[in-house]
Structures are given as structure tokens and as C-alpha cells.
Amino acid sequence: MSFMHGSSLLLGNNTVPGVQLSKELKEYAPIILKACRDWGLDFYPTVIQLLTYDEISEIAAYGGFPVRYPHWTFGMEYEELQRGYQYGMHRIYEMVINCCGLETKILTKKGSKNAGEIKSGDIVMGARGWRDVVAVKKQKSSKVFQITCEELSLKTICTPNHKWKCIRSGEDVWVETKDIKIGDAIQAGADYDYFLGNPFEIKWTAEKVIEKTRKNIRNQLIPISPPDKMTLELAELMGILTGDGSVGVRLASNTLNVCIHKPLIDFQKHVFNLFHNVFGREPSIYEKKKSVNLISLSSKFAVDYLNSIGFKTGSTYRNKRVPFSIFASSNEYRAAFLRGLFDTDGYCGKYLSLSCFSDELAQDIQLLLLEMGIRSKVKRVKNKNNDIAVLLIKGLPNLVSFEQKIGFSLNYKAEALAVLTSRDGRSGRGQILPGVMDKIFDKIDSMDKPPEWMYKWRKRTLQKDKTTNSLYGFLHKAMNKGYGNCFKDLYELVKKPVYVVSKIEELEEEQETIDIALDHDDHDFLANGLVSHNTNPCYQWLLSSNTLVDNLTVIAHATGHNDFFKNNIYFSATDTNMLNKMANHGTRIRKYMARWGKERVIEFLDLVKRIDTLIDGADAWKEKVVKDVIIRDERKYNYPKRLNVDKERLYMEPFLNTQGFKEKENERVKRKDLSEEIGFFKNPTKNIMAFLRDNAPLKPWQADIMSMLYDEAIYFYPQRQTKVLNEGWASMTDSVIMAEQGYVSLGQPSHDCGIFEYAEHKMGVLGGKYSNNPYKLGYNLLCDIRKRWDNGQFGTDWEDCNNMREKENWNDTHAATNLGKEKIFEVRKYYNDLTLIHEFFTEDFCREQEYYQWKKLNNGNIIISSRDYKTIKDSLMKKHLNGGLPNIKLIEPDYKGKGAMLLEHESDGRPIYEPYVEDVMNAIKKIWNNDVYFINKNDGKEKIHCSYNFRNAPGQIQYEVVSREEHLKS
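To convert, note that position 452 of the sequence shown is 731 in the working numbering; the numbers rise steadily by one, no gaps.
Hints are not guaranteed to be accurate.
Straight-line Cα separation of at most 27 Å, DSSO-like style, residue types lysine-lysine; simulated pairs [said to hold, decoys possible]:
1. Lys767 x Lys722
2. Lys684 x Lys569
3. Lys756 x Lys965
4. Lys434 x Lys738
5. Lys1108 x Lys1135
6. Lys305 x Lys392
7. Lys1158 x Lys965
8. Lys508 x Lys494
9. Lys1168 x Lys1135
10. Lys760 x Lys548
11. Lys457 x Lys782
12. Lys658 x Lys692
13. Lys388 x Lys548
14. Lys1002 x Lys870
15. Lys888 x Lys302
16. Lys457 x Lys388
17. Lys487 x Lys460
18. Lys1158 x Lys888
19. Lys1102 x Lys1152
20. Lys735 x Lys460
21. Lys591 x Lys965
22. Lys1002 x Lys1086
23. Lys1158 x Lys1108
24. Lys760 x Lys722
25. Lys658 x Lys599
26. Lys692 x Lys718
27. Lys305 x Lys658
28. Lys457 x Lys599
29. Lys1177 x Lys1158
30. Lys491 x Lys460
31. Lys1158 x Lys1168
32. Lys1152 x Lys1177
33. Lys1149 x Lys1134
34. Lys870 x Lys1205
35. Lys416 x Lys388
36. Lys416 x Lys1108
37. Lys1149 x Lys1205
38. Lys760 x Lys782
Hints in this document: simulated from the structure, not taken from any laboratory.
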């Protein structure tokens, strides 16, 4: 998939199943999305795909939009959910969330963190800038792949659909992990300026050192004055100590030492000053060998200080690591650390390298360099006595980047590096970039009169290799000689570091992973130094046979929905990870089919789906609160063992609950009837499905399936609550963008051509003049709110005004407030259908929109029964009570003392549809495994529906409808 910058848009080169986006859509879709964002919409990243009529019908049918996907119910496996090859479906891209391993290193504004430590509110670094983390979701068990790259010591673990920016056919494209092949080149590193952000804070005090020191020598401790935040001098000194220094080794346990060759007088002074400036004390200089001086600072405080910020003490040359305080620091501190390290342990001659005994240190350094956009290579080398890790930096782009961002304090190394960077890109060997060479050849061939040196380079290159360095050298020269317009895009591509995939494998064991959602148009970030894409997108499917105006309108309309789902408060308690959960649901259900039989599982699924509207939508909020409490309660505190805080002693037990009292209480409990003993049932509940899930005599596989479908039912409940407002908001969005702002003219001969086509189709969506259409009701209410709040037609002055003429001329006598946009955004965030109608369906609105009630006579004629505003409003509100579902409660789980279930319909003026009652009751009867009674109140008459076993015929259900009197007699 190719990536478009500057908008939340991923345009598919391979759409479902291969319809190419037109040139006009590629050009105008980003304009529509930008207009939506400029108007104030805040929406999830968007993927736009173009389908034929048959394909969009298949996705709607098999996908089950806007309800659950049947293939989740029927247990499609993880890959099948993505590929959709069963049931005749075409491929649907990315139906699950992208995840990476918990130990993956993520570059943030506060340094590198493990992915498992990332939290909402963190700021992570992408390939082109900073991105805000808006949500983090952990997956306890996910299928994962491991990616190994040549010359990269870090191995990356991620889910099959996690995307990486690869170079294919001379272009950078997003490729899912499962589609990556050996030989693919993955982009790495970031390119951003130095920044002096908030430095790493150092929380160190001398008190602990003093306490650990014997009292008789405490007065001999010489105080130091180290910084309480990371500084450039401290970072560089830490790099020098990591390279040719030691901290607290053997007998010199309280000493910092650095070895420096005697001829390097300037560098000795530099290190001397670093010690003095960091610790406020001058070090001593000793002659260690004829050619080496030792700069030493003896200070117990200094050793403890460095240890507190992650510097290991003792003999650590085989297990050295980059201190965590450096990883937690921003780029300029990292550069200072690396400069000190390469000054002491680095080599600069024919190439730039660094040698160390510790593989972990080489891996850490490679990651630091990579996160600064510098590519390096790590390999093991055997010398006479030991194996050592050697980190190599080759290639002109990387050497230039090192020189600009890090450099050397030692003059002779800086001069050697300058020689390397002046070789015009012909030194060293780089990585092969697929397709880039062919694109360069094509551009040379397309030029009218290419210079002679280009032909010579082409001939020479064909005889040798097609590596990054030769490409960079050519493109660098082309840019300097004025051919930037022709080769700029390829030059920018080749400048970026890449790593070639050498191995990709699916791991047998599932692992815990994490998804990071970003509030940015590019939605990319660095994972183990590689550029990855990790956001759960919103998909928009367009019909290929639609006109350009229609498809641009659909984009604006769907973006309104996207914004609504992200910002409306009723969706904030829902699980945004539901797609991934549903994919896992499908896998588990398929396993149950294999174990218990397909027919048996489908029969139970059918029973559960009959009752999946008997829920309480507020439970999503309750469960969210409970989860938050559990998270707080799971914090572990390190109490002293002697306290035994987990074992409470009941000191007052003998006095409060005497033995005689407890015996009487136990006897009273035994005499309770079943309903009292149950204990869990205290009040009537709407959440019948949850009650059955927790208390019905289900087998483990049945209870698991019921839990899955319950989670899905809770997830979709807010959509029932907000149908009018949601559709109204989307309709207003496309109206503002296309009509008000004039984007109907995109790609049209004139504005009039676009607006006439848009208006015709808009009226088709809003329906007839008197149609009770959620699109029309929501759109008109929002338009009315916007108009009133723009003109100041709200508040007590407006509401108390009974003069119709004064209201009609309100704009002439009152100043405009221009609060309409602010108000409708407030409504979008805090309201649902019921509260929207209750507050904003006013008498004026009812009259202006010409609402009325009608009824059908026995002879078939239809007449207007009422124009009364209160009657009409009451009718509309009843229609949207409980998300439009009947209000049914569980009254008694042990009716008649026989374990039967008694349900009651709380009448709100809406009659229940009786043909459905028998199916629902029989489903409950089979799940509860006992009789079910249902009190139905319609038109003031009370009926009791009875669902029970046929006498002497176990397994067969008898269904009757009787009056209350007949029921009581029985």
C-alpha cells in the first residue's frame, strides 16, 4: 500500500480485490479529509478502498454491516478473517489490530522505552516527527512472527498484520509482516533536528552513602556537587568511562579511572575539565605506563551517583551496557555519550568502527545510532585471545550523518572522518535497494541529453554492484550538478538507512503483545529502530460505479461517522480492541465446532443470538469502572515481611460473633428459601443475558460462547443509542464540506454541475418530507441547533418569548452570538438520541418541520390524528427508549419456588411484538433449563406467556398465553 502524507489516508494499490483508485480520487480524497480536519473533526486514520457493486454487496452481506460479522459467529480462523476465502468472500485487509512484542524498543520524547512501558499520553518518534499516543491495548495471547535482518543485532517480534515500511520496486510501501519476504529492505531510523527537551532528572542524594559508611570515617568523605539533571558534559563523561574507563573496580572500589595516551594532551585536559565540571572536584593524573596516563577521581559519592543512573560498577568489560539514563535522554545527550565512547574505543581509518567484549553493548550502541538515522553493522570477530563484537559504520550517508550529529573531540579522528566523508560515496559496500537502480536507469533514458558522466557511471555500475553507496554517490553528484528535480525523490529514498530481511519465522508459542494508537496523520513510529505502522484504521469502502461527487460525499459522510465514534461519550466505555477480540472469538468457536460438532454449536449460537438484546448497556461503564479498580488494587507494595499484612487477625471476633449467635444465624440461613439463598439476585435486572451467562447450568464451552456474544452485544449497544445523532452528524459533515465549503466542484466542469448532483442525491438520503428517517431527523435537529446558537435564539429570553412576530424578527433586535459550531460539537460529544430529542425537539422545530401523527382506519384510509407538539415528542422519545428495544426485566429467578424464571415487560406505551415472544422464551427456557413465565402488558391488558416442558414428554416445549387469572388458578 502506498502512503500519502499530509492526510489520514492510506490509498490501496491493491484494494479489495484489485480495483485501482482513480486518478481523481487519489488527488481529491486527501483534500476532503484535510477539509474535515480543518473544520474541527478529530478522527481515526482512514483507509479508502474501491469496490465493485458485487464486492461491496458481498462485504455487506458476509461482513454483516452494520451488525456483527457472521464469520465471527461461525468461527473463521485468524488468517481466514483477513483473507476471507471462505463463503466466497474477497480479501478484507486488516480486520485486527497491529501489535508488537512487549520488549520492542520504542523511541519516545523521553528516550527509548520497552513497548510494554508505553502509556497513553506519551510522545513517540516517527520517521518524520513526533506523534501523540492516544491509546494502548495489550493482547495477552497473540500469534507472532520474528523478523531477523542482516547486520542488525536486534530481532523484532510482532503480529502477522503489523506493517513495516519496505522498499519495493523503487518505492517505499507498507508491508504486513506475514507478507514480508527474505530480501525485503525495511527502512530504519529517524531524521530530526537536535532538541533540548526536558533532560533526564537524576534523583540522587548523599545520605544513603553516608549511612553505609562507618561512623569513624564519615568525616573523611569529600562532598561533590553533581547535576540533578542530565547534562551534555555528564553524558560525554559517561561515554568516555564506558570506553576506556572503569568505575569501582576491585581494590579501587570508590574510584573513577580513565586511561589516555600521553601524546593526547588536549584530550587529557578535556577529560580533566569534564570531571571537574560534573562533580565539582579536580581529579588526579598519574602515569600508569610509559605511554599512558591515568586520570582518577577517588569519591564514594561519585561512584554511587553514577550507579544510580545505570552505570555498572566493578569489572564489567564483558557485560557493559548503555546506561538507562542515556536511553531515557534525548538526542543531543545520546550524541554526547556516543562521542565520548567513540573518542576512546572507536577506530577511524578505512572505515569507522568500535570494538567491545559485550554483545549487549554493541546491540545498545547500534540501536542508539539507528534511532538517530545512522545505519551500522555488528559482527563477531576472533582475535588471538577472545571473541569481540565489532560495530561498523560504512557508506557515505551514514558517515556524513555521524559527522554531523556526533563527531569526535579528538582532532586526528575528526580529520580521518572528514577524509572518509569526502570520498563521494564510493567507499565501502551498502545494501541493495530493490528497484531503485532500474528507476535511475529509466530517468537517465528519459532525459533529452544526459551528461557523459551519467553514461559512464551506468556502464561502471552494471559491471559491479547495485548497492546503496554507489546509488548515493551518483544521486549526490546529480543533486549537486543541478539535476535535483529529476532525482530528488530517489535521493531522499536512498539517504535513509535500510536493513535487509534475512529470516522471518512464525513462532510456535503465542505471546503477549501491545498495540499503540497514534493521533497523527502519518501513524508511524520507530520499533527497534525500524519504521513501523501501528494504528487501528477506519475503513471506507467506495462503490466503483458511483460518480466522483458521490464518492467524495461518501468520504466526507464516513469521516463524520469516524469522528463521532472517536469522540461521543457513549462510545468511550466500549472496547476499541473489539475487532481483535472478535477474531479470537471466531477461532475459539471453530475449535468448539471441531470438538462438539458444528450443528450442536450453531444450535446454541442461535439460542444466544435470540436473547442478545436483553442486556443493560450501562454495564459497559460498570465493567470499565471495575477494571480500573482492579488495576489500582493490583499494585504491589513491598511491606516488611514481619508485618504479615496479608493475614489479618480478627481480634474482635470472639466478642462480636459469639458461638451461640453464629449457630442461630447458620440455622436461620438454612431455613431460607432458594431465592434468598441465591444471594446474587437482589433487585430486578434488565441484564438477563448476563444473568444467564453467570448462573445458567451451562457447560464450559457454552459459557465461553455466551461470554463472547455478550461482549459483542455490549459493544454494539451505543450504536442503538445514537442512531439519529450519529447519522445526523455524518449528514451535517458532508453538507458542510461538500455544499457550504464548495468541494462539490472538485473534478467538475463547474460548481453548478456538482451542486445539482449533490443536492439530488442528498434529498434521496434525507427521505420524503414527512419521513421519520434518522438521517433527516438528526440532520434537521443539528441544523436547527446550529442556526439558533448562531443567532442567539436560546436561553431564558428566547424561551420566555411568546410573541411570534418578535421571534421571527429576532435577528433584527439581538446580536448574533456565532456559537452554533461550538454547540453542535458539544452535542456530538455528550448526547444520545433520547437526550437530543428531549432537549432540542422544540415546539418551534416541530411546527417548522411540519411533524404530525397519523393512524390508519379500518377502511384503509390514513388520517392525521394529532399535531400536538408534546404528543409527537413523547412518541419520538418512546421510540428511542432503551435503544429502541422493549424494556424487559428479570423479576424472579425462582418463581413459585421451583427455579422457574419470571420476566416482565415494563410498558412504556410501546406494544411488544408478540410473534417474537415465543422464540425468545423458548431460547431462555433451553438455556436456563427450566420453565419461563413472561408478564406482557399491552394496552392495559396483562397476559402471561408460559414456556414449560410438556407433561411426561421431556425435552419438548409447550407454549401458552393466558390471562393472569387463569395463570393464578393453575
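Hint-by-hint comparison with the structure:
{"no.": "1", "hint": "Lys767 x Lys722", "result": "12 Å, holds"}
{"no.": "2", "hint": "Lys684 x Lys569", "result": "35 Å, violated"}
{"no.": "3", "hint": "Lys756 x Lys965", "result": "74 Å, violated"}
{"no.": "4", "hint": "Lys434 x Lys738", "result": "38 Å, violated"}
{"no.": "5", "hint": "Lys1108 x Lys1135", "result": "39 Å, violated"}
{"no.": "6", "hint": "Lys305 x Lys392", "result": "37 Å, violated"}
{"no.": "7", "hint": "Lys1158 x Lys965", "result": "18 Å, holds"}
{"no.": "8", "hint": "Lys508 x Lys494", "result": "30 Å, violated"}
{"no.": "9", "hint": "Lys1168 x Lys1135", "result": "32 Å, violated"}
{"no.": "10", "hint": "Lys760 x Lys548", "result": "44 Å, violated"}
{"no.": "11", "hint": "Lys457 x Lys782", "result": "12 Å, holds"}
{"no.": "12", "hint": "Lys658 x Lys692", "result": "22 Å, holds"}
{"no.": "13", "hint": "Lys388 x Lys548", "result": "33 Å, violated"}
{"no.": "14", "hint": "Lys1002 x Lys870", "result": "35 Å, violated"}
{"no.": "15", "hint": "Lys888 x Lys302", "result": "44 Å, violated"}
{"no.": "16", "hint": "Lys457 x Lys388", "result": "30 Å, violated"}
{"no.": "17", "hint": "Lys487 x Lys460", "result": "54 Å, violated"}
{"no.": "18", "hint": "Lys1158 x Lys888", "result": "23 Å, holds"}
{"no.": "19", "hint": "Lys1102 x Lys1152", "result": "22 Å, holds"}
{"no.": "20", "hint": "Lys735 x Lys460", "result": "34 Å, violated"}
{"no.": "21", "hint": "Lys591 x Lys965", "result": "60 Å, violated"}
{"no.": "22", "hint": "Lys1002 x Lys1086", "result": "31 Å, violated"}
{"no.": "23", "hint": "Lys1158 x Lys1108", "result": "22 Å, holds"}
{"no.": "24", "hint": "Lys760 x Lys722", "result": "16 Å, holds"}
{"no.": "25", "hint": "Lys658 x Lys599", "result": "17 Å, holds"}
{"no.": "26", "hint": "Lys692 x Lys718", "result": "37 Å, violated"}
{"no.": "27", "hint": "Lys305 x Lys658", "result": "45 Å, violated"}
{"no.": "28", "hint": "Lys457 x Lys599", "result": "35 Å, violated"}
{"no.": "29", "hint": "Lys1177 x Lys1158", "result": "36 Å, violated"}
{"no.": "30", "hint": "Lys491 x Lys460", "result": "57 Å, violated"}
{"no.": "31", "hint": "Lys1158 x Lys1168", "result": "18 Å, holds"}
{"no.": "32", "hint": "Lys1152 x Lys1177", "result": "44 Å, violated"}
{"no.": "33", "hint": "Lys1149 x Lys1134", "result": "17 Å, holds"}
{"no.": "34", "hint": "Lys870 x Lys1205", "result": "23 Å, holds"}
{"no.": "35", "hint": "Lys416 x Lys388", "result": "20 Å, holds"}
{"no.": "36", "hint": "Lys416 x Lys1108", "result": "23 Å, holds"}
{"no.": "37", "hint": "Lys1149 x Lys1205", "result": "43 Å, violated"}
{"no.": "38", "hint": "Lys760 x Lys782", "result": "40 Å, violated"}
The structure shown violates the earlier hints numbered 2, 3, 4, 5, 6, 8, 9, 10, 13, 14, 15, 16, 17, 20, 21, 22, 26, 27, 28, 29, 30, 32, 37, 38.
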